[in-house]
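Number of protein chains: 2
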Amino acid sequence: MKIALAQLNYHIGNFESNTKKIIEHIALAKAKGADLVVFAELAVCGYPPRDFLEFEEFISLCEDAAKQIAGHCQGIACIVGLPVKNEQAAGKDLYNAAYFIADGQVKAVTRKALLPNYDVFDEYRYFEPATQFSCIDFKGTRIALTICEDLWNINNNPLYVSNPMDVLINESPDIMINIAASPFSYQHDDERRAVLSDNAKKYNLPLLYVNQVGAQTEIIFDGGSMVFDSKGNLLHEMPYFKEHLSVYQLLDNKIQGFSPEEHQPVPDIAQIHDALILGIKDYFSKSGFSKAVLGLSGGIDSAIVCALACRALGPENVMAVLMPSKYSSDHSIKDALDLVEHFGCKHEIIPIAEAADAFDSMMSKAFTGLSFNLTEENIQARSRGIVVMAMSNKFGYILLNTSNKSECAVGYGTLYGDMCGAIGVIGDVYKTQIYELAHYINKDGEVIPENTIVKPPSAELRPGQKDSDSLPDYDTLDAILYQFIELKKSSAAIIALGYDEALVRRIIKMVNAAEFKRYQTPPILRVSPKAFGMGRRMPIVGKYLA
Amino acid sequence: MKIALAQLNYHIGNFESNTKKIIEHIALAKAKGADLVVFAELAVCGYPPRDFLEFEEFISLCEDAAKQIAGHCQGIACIVGLPVKNEQAAGKDLYNAAYFIADGQVKAVTRKALLPNYDVFDEYRYFEPATQFSCIDFKGTRIALTICEDLWNINNNPLYVSNPMDVLINESPDIMINIAASPFSYQHDDERRAVLSDNAKKYNLPLLYVNQVGAQTEIIFDGGSMVFDSKGNLLHEMPYFKEHLSVYQLLDNKIQGFSPEEHQPVPDIAQIHDALILGIKDYFSKSGFSKAVLGLSGGIDSAIVCALACRALGPENVMAVLMPSKYSSDHSIKDALDLVEHFGCKHEIIPIAEAADAFDSMMSKAFTGLSFNLTEENIQARSRGIVVMAMSNKFGYILLNTSNKSECAVGYGTLYGDMCGAIGVIGDVYKTQIYELAHYINKDGEVIPENTIVKPPSAELRPGQKDSDSLPDYDTLDAILYQFIELKKSSAAIIALGYDEALVRRIIKMVNAAEFKRYQTPPILRVSPKAFGMGRRMPIVGKYLA
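Sequences listed follow chains D and F, in order.
For the first sequence, the working numbering begins at 1 and goes up steadily by one.
For the second sequence, the working numbering begins at 1 and goes up steadily by one.
Source of the hints: derived by calculation from the structure; they are not laboratory data.
None of the values given here were measured: they were computed from a predicted structure.
Glycine is no exception: its CB is placed at the ideal position from the N, C-alpha and C atoms.
One or more hints might be untrue.
Stated by the list, open to error - Label pairs and their computed distance ranges (CB to CB):
#1 K443/D to E501/F: 51 to 57 Å
#2 G314/D to D357/F: 45 to 51 Å
#3 Q88/D to G464/F: 28 to 34 Å
#4 Q187/D to S172/F: 49 to 55 Å
Input sequences plus hints: build the corresponding full structure.
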């Protein structure tokens, strides 16, 4: 038997394009001699469909799409993920399921048992967990089909009290297939490969695994579908961050033509680079936009975002707006113009002095006798926000946010100012990683000018201002933030690692005081195991940590 | 036996104040002769603690607080809600639980089985559902204790496959106690009373129910704790939107001294009024702020918010900023000044012409040859945003957002302009309800000037602009929005009700196109069964409905 795995980029709720793509890949798999083609979890509607699932019509549209797809399963079978109704009175109305379709008909329905409901996942919001499991027999091969998380309960501190494969194994399957929508983080690919290998080994079965690829607003799927032999050896790995279809020949329940291979490790920063480019590209293409605008300060953050946007959308679709103020240093405009030249994107220079002066004058009565402080710094940042949003409104550019994770964390940014944007490109990338990313982008030649990389970071909102005036050095800051955000360590536990007590308490306080700001910021492309946004839900008026 | 129900206002993660309050009410209940005092679900840490629950230290602090509380349970027992660790290897790390404490010691632990994970609820994100249940024996009374949602599975299409009371009833309990954190919506109180009554009737037991009161950012708990006899008759109802402690005498498993009473219905709009005032009050007090600022346009929305803020915080703590532009009508300033006079709050008049002119001049090169459009309207709204945020930054005022639900829904508002603010006061109140609210506020005398109520709504961002230029009349708009947002009906289903097809499709498209804006707006005080925010999670790049 020949099994094709189709690693595709779906668009949530775009039944027309998803169905077309699935049908095309059924034809392609058939042309390559496959007996069975396997699509990912919730392929029919895209993942995560979120509250679209609460609309009855949405579920009907999934059913309609499945009917169309079934019509094309002649001479080839397919497995495809979709939500299906729970026909029992009790329990949630839906299952996260997969159809096994052959001869134009749905022959079996597999339902997901283990429903991730942590970090960015909300599956128990919509789905009833399955409690009954059985294998699928096809052309003499007995297939144990599971859906994503169903294979993830094999560690020592399992999150769920049941384990579908422990039931399915009693039916003596010949192979395992797992269909997934497993999002990228720079740490997740290694974990995923290990869990899948452990399953193959534990159940002593070959495992074929197909993942989605593509970005859905903030969540990026990296693909990397894989097959393993029954000893848990990796036999083949599909490309990351791209669509792909591979066909595997099964003989005597063994995958033919591949020997065990070592996974070729890719540096985290290279993965992050590719993920962000896919994230930008899909945000625009799936929203029906093509042109981006951003404020280019001459600093490293906006330089990185500009570079990534030019790579994702083409420099002809990127508008960089330089907005010097009286506090901008001499080199800032030069650095920014160097960048524009390197990148080949469009630019405008729009100084903000007139706006800053206008607000000074307008507020002069209310502010009588009060001196320049954070208020006036924020007015500058917000005037820039107005300028880039005006460019967006007038020309249909979509504004890219350029805040990095370190400043998002501590609230070092102006709400409605530099925190504006439709999508946060580097909001999940710490400042220390930003420097790595700059070097990675420059690896084949200087794209980001050296001066932009080496100069001390500054918001340039008052004379001679530097980030280091109010923040610790970024190595220390990022290390403490990682312990608190990614590892959820308490201040006591972080201090026990040897960090200065006052500093740790101050930083954690800053992070928590900035919750109200982060609540109002754009979705952030998620590349770490714990990004700001849907995956991190903190109380705003809470007192703990405050 | 005498049982006290303590309906209290907790503060998430504020262990010091929650513990102090609980201990004070143990003493108060004891002074009133109670044998047992009952506190609400997760009283120890406040509800919803959200991702604070993922910090081990947070759970330790809950345990420490429980120890302190236990020390005060001498001569009186207590039931109090808190998260407890799951000591089994499998399953999530925590239970949503309650301690039964007597003689200074935890005598029993009750764990919640039915975990709400819809709308604003995320309990399965943190908690393992309980599968074992037993009653608590105290002073000859057998108590069936359940936690909130545990009693909510008795309709015809139950959300859960298990039902804890069906197990507990086998132990022949004498009474039921339910501890809850059940949030307010103007529809929810009737539903809640009916469900509780049905439980009393079904199990033929008296039921004592204690709810939280108070607002936690956007979620408002209304209290209204109740007791029922074993026929499901309402015997007593505590006040809504206030803290309260009542003691009930139990004799022969009957609640003494109360006869069945009818619930006294309160108009929805009165409930909404009280909820919003509590919402504002608690947002400020729990954040440690006291002063509010808002833009006062002379229109009805900002007038309502100003009135509510003055009632919640005192007029001396409210700063209304009047920001006329060249498009402001003659009456707007007069209406706004009338309001300020009626309310007795502070005000500033800060015209925005200088800022609008400055941006016109700054953008003139980039915008050469292009005429006035939405861009320039947005510049005005955003200039106002800068002014009120400058007032906030300079003086420590917290900005109240004045967008109503109808305009939030269709995106009739400027992101980073009038959509700014720390908390959305009326973002869950449709425009048609805004008028009702105005009349309710004026019921004892004209607070909101008649002209503000009767004049046609306008954003006044271009000459002679009216809302009705680009939106249907609010009666129709709100009716369609309600079908789509609250009832999740598809466009086809709404059209089938008799609404104009093109209009319905246009409105639904507007709602979905505004998802990216709503993602970046402040938390909104929730008063309806479906508010924008955490309870409504729609994809941004999704294609369905777009």
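Outcome of the hint check:
Remark: the range hint 51 to 57 Å for K443/D to E501/F is upheld by a beta-carbon distance near 56 Å. Look at G314/D against D357/F: about 36 Å separates their beta carbons, and that is not inside 45 to 51 Å. Against the hinted window of 28 to 34 Å, the Cβ-Cβ separation of Q88/D and G464/F comes to about 59 Å, which falls outside the hint. A beta carbon spacing of about 53 Å between Q187/D and S172/F agrees with the range 49 to 55 Å that was offered as a hint.
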